[in-house]
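*Asks:* As a plain string of letters, each chain reads:
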Amino acid sequence: MKEFFKDNWKRIIIIVLFFGLCITSVMIGSLSGVTPSALISRDETAWDVLLYSRIPRTIAIILSAAGLSVAGLIMQAISRNKFMSPSTSGTTDAAAFGLLLSFIFLSSQPGIIQTIFAFVFALGSTLLFTSVINRLKIREAVYVPLLGMMYGGLISAVTIAVAYRFEVMQMMSAIGMGSFARLGNFTVVYIVAAPLFLSVIYASKFSIIGMGEDFAKNLGLHYNRVVFIGLVIVALISAATYVSVGHLPFIGLIIPNMATSFYGDNIKKSIFDLMIFGADFVLVCDIFSRLIIHPYEISVSLTISLVGGIIFMIYLWRGINGNKSRKTA
Amino acid sequence: MIEIKNVSQSYGRKEAKKTLSDINLTIRENKITALVGANGAGKSTLLGVLSNITPILSGTVTLGGRDVRKIKTQDVAKKIAFLKQSQQMSIRITVGDLVEFGRFPHCRGRLGQEDKRKVDESLEYMNLPDLRSRYLDELSGGQRQRAFIAMILAQDTPYIFLDEPLNNLDIKYSVEMMKIIQNLVTERNKTIVLVLHDINFAAAYANHIVAMKNGQIVREGCVKDVIKKEVLNTVFDHDFHIAECGGKNVCLYFDQVQN
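Residue numbers (my numbering), protein chains in the order written: chain A, 1 to 329; chain B, 1 to 259.
Because the hints were derived from the structure by calculation, they are not lab data.
Wrong hints could be hidden among the right ones.
No more than 25 Å apart at the CA atoms, straight line, and that leaves these computed lysine-lysine pairs for BS3-like [unchecked claim]:
1) B/K229 <-> A/K268
2) B/K5 <-> A/K137
3) B/K224 <-> B/K248
4) B/K18 <-> B/K31
Far from chain A, some chain B residues (derived; all Cβ distances over 12 Å) [as the list claims (entries may be wrong)]:
5) N52
6) R108
7) P129
8) N249
Here are the in silico distance ranges between beta carbons for each label pair [claimed, not checked]:
9) B/D137 <-> A/Y52: 47 to 53 Å
10) A/S131 <-> B/P129: 25 to 31 Å
11) A/V307 <-> B/D137: 25 to 31 Å
12) B/G141 <-> A/I298: 47 to 53 Å
13) A/I13 <-> B/E138: 38 to 44 Å
14) B/P129 <-> A/V307: 23 to 29 Å
15) B/N200 <-> A/N224: 52 to 58 Å
16) A/K10 <-> B/G221: 36 to 42 Å
17) A/F288 <-> B/E114: 26 to 32 Å
18) A/L302 <-> B/E138: 37 to 43 Å
19) A/I310 <-> B/R69: 28 to 34 Å
20) B/D137 <-> A/A193: 31 to 37 Å
21) A/S131 <-> B/E29: 40 to 46 Å
Quick caveat, the model's predicted, so the values are computed rather than measured.
Glycine included, every Cβ here is placed at the ideal spot set by N, Cα and C.
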């Protein structure tokens with residue numbers, strides 16, 4: 001028993017934290033009537049709020065956080081670049097563009113159609129970006145996300161121009177603002193469960209891909225096929241989360257970096273830790289966003305941007321300095 | 001048996017810039033074959049072609065009489081193991097995880113009893129059990145190279161191809177590595193082909209040497225046939241001196257040395 005705790009303490013901490021955060025997340029909100037005692041006494045409003053608002057919200061947080069973390073990890077393994085993620089390679093921006101086109105051509109559609117549009121554009125854009133990056137053979141890993149952000153900036157500039165022309169600016173910016181307060185589209189976030197499941201099945205293959213193309217081919221892996229499946233997973237997760245909860249910046253970038261430094265790069269072993277770690281992080285950010293101006297709340301993407309931005313700067317700084325020290329050595 | 005016939009290969013579309021042109025070679029079983037030659041002679045490309053990782057422009061590579069391109073990649077991976085120079089090292093995985101990857105062609109990621117036994121045995125053979133849970137980036141160059149060889153052993157293939165296995169190793173570890181490679185041939189009946197930069201390591205440990213220049217095989221044969229002044233002078237475009245030491249030929253290639 002003692003051995004078990006010693007070997008798994010890193011895992012136990014985040015799981016305990018996870019359950020604690022889930023309960024907290026469900027219990028807080030603008031309506032103060034949802035308390036354990038009200039639930040035990042079968043208060044109808046309390047149960048309704050819990051079942052139709054609080055629990056779906058918490059599930060949406062967990063799924064989108066776990067999904068984006070896994071998407072980032074897969075991108076980083078495929079590109080062998082710790083700075084890759086859906087939000088630093090134009091994937092999220094392309095999903096937004098796809099969503100915009102679905103609005104313009106088909107007007108208001110159920111979430112599933114919007115997700116398909118967003119998915120197709122996210123996948124196409126990611127394939128384009130990764131193949132261009134592979135051809136450029138950039139030596140400094142740090143430049144890849146910077147290029148990706150510029151590329152994403154271009155796509156979102158086009159998106160804004162088109163949205164402005166068709167007078168759907170307001171709706172686009174409302175969706176782009178990452179928030180778990182929106183209901184309605186939450187069902188789309190359940191789509192994330194499918195690519196998450198697929199990524200668990202392919203986990204050991206992604207680990208091997210991360211060791212390099214020759215390494216993977218030596219072990220009899222169909223390199224291009226696995227890379228393609230990986231990018232499909234990434235695009236589907238990015239599209240579904242964008243349509244349902246909007247843009248959650250930095251999650252796909254910083255969570256895999258933090259998680260792999262704790263749990264190692266063997267994706268097969270660390271994928272569940274990664275998902276829970278990502279969920280913990282977003283749950284904390286969301287609870288903070290809901291409590292700071294209680295009973296109102298601020299957009300969760302604001303909190304994530306602030307915290308995530310600082311962490312990203314630290315990684316970027318370490319990446320640049322790390323390269324310098326290696327060169328002088 | 002691996003045999004390649006009339007193989008040509010080029011990077012890019014220009015036919016004129018061939019990295020390999022019209023190569024014919026039969027790999028000798030249960031021997032160490034060393035590929036030597038100057039930079040850009042095509043040694044690594046040839047090794048990639050032999051292990052079916054680099055696609056070829058023309059010609060055939062046969063494994064046991066069958067065209068490798070017609071054999072399933074997973075089955076090729078059970079016959080041929082290929083290890084490249086300069087492994088990706090920013091990845092944090094443990095020695096144990098790495099060696100378990102070697103079982104992938106056999107178990108597709110789900111390790112059974114037999115796979116676990118092979119992994120333990122490979123770690124044991126390479127003297128690594130103590131380092132099993134250590135991360136690769138925490139190891140010395142020699143230990144890391146041993147971990148990769150343990151992975152190749154777990155892959156359990158009759159053919160092992162190594163691209164510059166002595167890269168970044170100091171003299172002690174290089175000699176240790178070559179002894180391990182020799183033992184693999186004598187104790188495990190492996191067939192090993194390797195690219196070596198240091199001609200003296202080839203002279204001391206290889207059974208068969210293939211000398212390459214500009215994408216072609218200039219000379220192949222046993223050590224005594226290849227380690228000769230006139231052969232090496234043309235292969236490397238450099239003035240060599242061959243000295244004898246303890247019954248073995250040693251190449252001296254420094255300007256100061258006078259015969």
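*Asks:* Taking 12 Å as the cut and beta carbons as the points, is B/N52 off the interface with chain A?
*Replies:* 8 Å, violated
*Asks:* Please work out if B/K5 and A/K137 have their alpha carbons no farther apart than 25 Å.
*Replies:* Cα-Cα ~33 Å, so violated.
*Asks:* For the hint 23 to 29 Å, verify it against the beta carbon of B/P129 and that of A/V307.
*Replies:* 42 Å, violated
*Asks:* For A/S131 and B/E29, compare the CB-CB distance with the range 40 to 46 Å and indicate the outcome.
*Replies:* The hinted range 40 to 46 Å holds for A/S131 and B/E29, with Cβ atoms some 41 Å apart.
*Asks:* Note whether the CB distance of A/K10 and B/G221 lies within 36 to 42 Å or breaks it.
*Replies:* 57 Å, violated
*Asks:* If I claimed the Cβ atoms of A/S131 and B/P129 lie 25 to 31 Å apart, would that claim hold in this structure?
*Replies:* 43 Å, violated
*Asks:* Does 25 to 31 Å hold as the CB distance between A/V307 and B/D137, or does it fail?
*Replies:* 28 Å, holds
*Asks:* The hint says 52 to 58 Å between B/N200 and A/N224; measuring C-beta to C-beta, is that right?
*Replies:* With a Cβ separation near 40 Å, B/N200 and A/N224 fall outside 52 to 58 Å, so the hint is violated.
*Asks:* Hint says 38 to 44 Å; check whether the CB-CB distance for A/I13 and B/E138 agrees.
*Replies:* With a Cβ separation near 23 Å, A/I13 and B/E138 fall outside 38 to 44 Å, so the hint is violated.
*Asks:* Given the hint of 47 to 53 Å, is the C-beta distance from B/D137 to A/Y52 inside that range or not?
*Replies:* 49 Å, holds
*Asks:* Is the claim that B/N249 lies outside the interface with chain A correct, judged by CB distances over 12 Å?
*Replies:* The claim stands: B/N249 keeps its Cβ more than 12 Å from every Cβ of chain A (closest is about 33 Å).
*Asks:* Are the Cα positions of B/K224 and B/K248 separated by 25 Å at most?
*Replies:* 9 Å, holds
The structure shown violates the earlier hints numbered 1, 2, 4, 5, 6, 10, 13, 14, 15, 16, 17, 19.
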